[in-house]
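Chemist: So the chains spell out like this:
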Amino acid sequence: MQYTHLGRSGLQVSRLCLGTMNFGMVTDEPTSCKIMDAAIEAGINFIDTADVYGGPQRPDMEKGYGISEEIIGRWLAQGGRRERIVLATKVYQPMGPARMIAASPRITFDRLVRIACAGCRQTTSTSTRCTTSIGARPGRRSGKRWNSWLSKVR
Amino acid sequence: MELLVKQGKVIYAGSSNFAGWDIATAQCAAASRHFMGLVSEQSLYHLGARTIELEVIPACRHYGLGLIPWSPIGGGLLGGALRKAAEGRRATELVRRQVEQRRPQLEAYEAFCQQIRAEPAVVALAWLLHNSAVTAPIVGPRTAEQLAGNLRALDLALSDEMLRRLDEIWPGPGGEAPKAYAW
Chain A
4 MQYTHLGRSG LQVSRLCLGT MNFGMVTDEP TSCKIMDAAI EAGINFIDTA
54 DVYGGPQRPD MEKGYGISEE IIGRWLAQGG RRERIVLATK VYQPMGPARM
104 IAASPRITFD RLVRIACAGC RQTTSTSTRC TTSIGARPGR RSGKRWNSWL
154 SKVR
Chain B
16 MELLVKQGKV IYAGSSNFAG WDIATAQCAA ASRHFMGLVS EQSLYHLGAR
66 TIELEVIPAC RHYGLGLIPW SPIGGGLLGG ALRKAAEGRR ATELVRRQVE
116 QRRPQLEAYE AFCQQIRAEP AVVALAWLLH NSAVTAPIVG PRTAEQLAGN
166 LRALDLALSD EMLRRLDEIW PGPGGEAPKA YAW
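Line by line, the protein sequences are chains A and B.
Heads up: the first sequence begins at 4 in the working numbering, then just goes up one per residue.
Heads up: the second sequence begins at 16 in the working numbering, then just goes up one per residue.
So here's chain A without its partners, still in its complex pose (with noise of 0.2 angstroms):
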């Protein structure tokens, strides 16, 4: 496997990543499994997901729900993976309880990242090397607001 780095950060990562967009909706649990043991034995170390994964997906969509991320947080817990994982989840769409907060105009982007964020801590059970990627752009739900979650967030 040939590895690079992630952008200026000091991630160092596989030159596949593995996209889970299919687990837990083409692809079964075990199968799913099956997928991350190979990559892991090739040398992947990036997997990339969203909280949507592993369920319908629209950019238009009022609520979005998946289980990728649970999936990929089993298999994490099995041992030994952790530390070598670099995993990249992402958020955007409305899910669940956030999606109530993210109809309320009132309610800033980020405030539905950091809602996603802990979200994402409990479902992937993982606290290692996460990088959480802004899908899209948020603009669209909130005019100019898409600035406010690197401004506004404390």
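The set of hints was computed from the structure by calculation and includes no laboratory data.
Here a beta-carbon is modelled for each residue, glycine too, at the ideal position from N, C-alpha and C.
Hints should not be assumed to be uniformly reliable.
With a Cα cut of at most 20 angstroms, we get these calculated EDC-like pairs of lysine to aspartate or glutamate [unchecked claim]: (1) Lys-194(B) / Glu-115(B); (2) Lys-99(B) / Glu-115(B); (3) Lys-37(A) / Asp-63(A); (4) Lys-37(A) / Glu-183(B); (5) Lys-24(B) / Glu-86(A); (6) Lys-194(B) / Glu-183(B); (7) Lys-24(B) / Glu-73(A).
A few chain A residues facing chain B, derived, Cβ under 7 angstroms [unchecked claim]: (8) Leu-9; (9) Gly-10; (10) Ser-12; (11) Gln-15; (12) Met-28; (13) Lys-37; (14) Ile-38; (15) Ala-41; (16) Asp-51; (17) Arg-77.
Fit chain B to the known structure of chain A by using the hints.
Modeler: Below, chain B without anything else, positioned relative to chain A:
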């Protein structure tokens, strides 16, 4: 995001489907707060979808973001879609439509892959891996066997001549903005 990093809940922040100017705005806001900002951008990028070469890739390079292409095989379009359709294999509606729209390109592409004795999906991934702006394409195998196929892309070296041929078959936007369209 800054708080999440401070609290140790995440180690770095990244973006997905950002425009070039989104990345620039985010990095400027981060810099004004002495925060590292984004370390990566995930974008749609494959031989048949090269629009990000105009604005997003230059922004990633300037701000030092790693680029993580999603849909590197075009949802199956670059995975031998023509041959598979001829064999009667099922495909998504989107891929079927794209196959019809891009039939001449796909014919040339699959013939080229056959000529260099490589699987089309492997060539599509290897093309991305030859781009120094690309950190790691996101592959989405549905089985462990498909993952094994994806891994072969790491061993496929494409010569300058092969890369030129791929550029002919799947032309990009012509470079970066503004020279791609202005002169």
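Chemist: Hints first: check each against the structure and report whether it holds.
Modeler: Now for the hints, and whether the structure bears them out:
no.	hint	verdict
1	Lys-194(B) / Glu-115(B)	violated, 31 angstroms
2	Lys-99(B) / Glu-115(B)	holds, 13 angstroms
3	Lys-37(A) / Asp-63(A)	violated, 32 angstroms
4	Lys-37(A) / Glu-183(B)	violated, 39 angstroms
5	Lys-24(B) / Glu-86(A)	holds, 15 angstroms
6	Lys-194(B) / Glu-183(B)	holds, 19 angstroms
7	Lys-24(B) / Glu-73(A)	holds, 17 angstroms
8	Leu-9	holds, 4 angstroms
9	Gly-10	holds, 4 angstroms
10	Ser-12	holds, 4 angstroms
11	Gln-15	violated, 11 angstroms
12	Met-28	violated, 10 angstroms
13	Lys-37	holds, 5 angstroms
14	Ile-38	holds, 5 angstroms
15	Ala-41	holds, 4 angstroms
16	Asp-51	holds, 5 angstroms
17	Arg-77	violated, 18 angstroms
Against the hints set out earlier in the document, violations occur for numbers 1, 3, 4, 11, 12 and 17.
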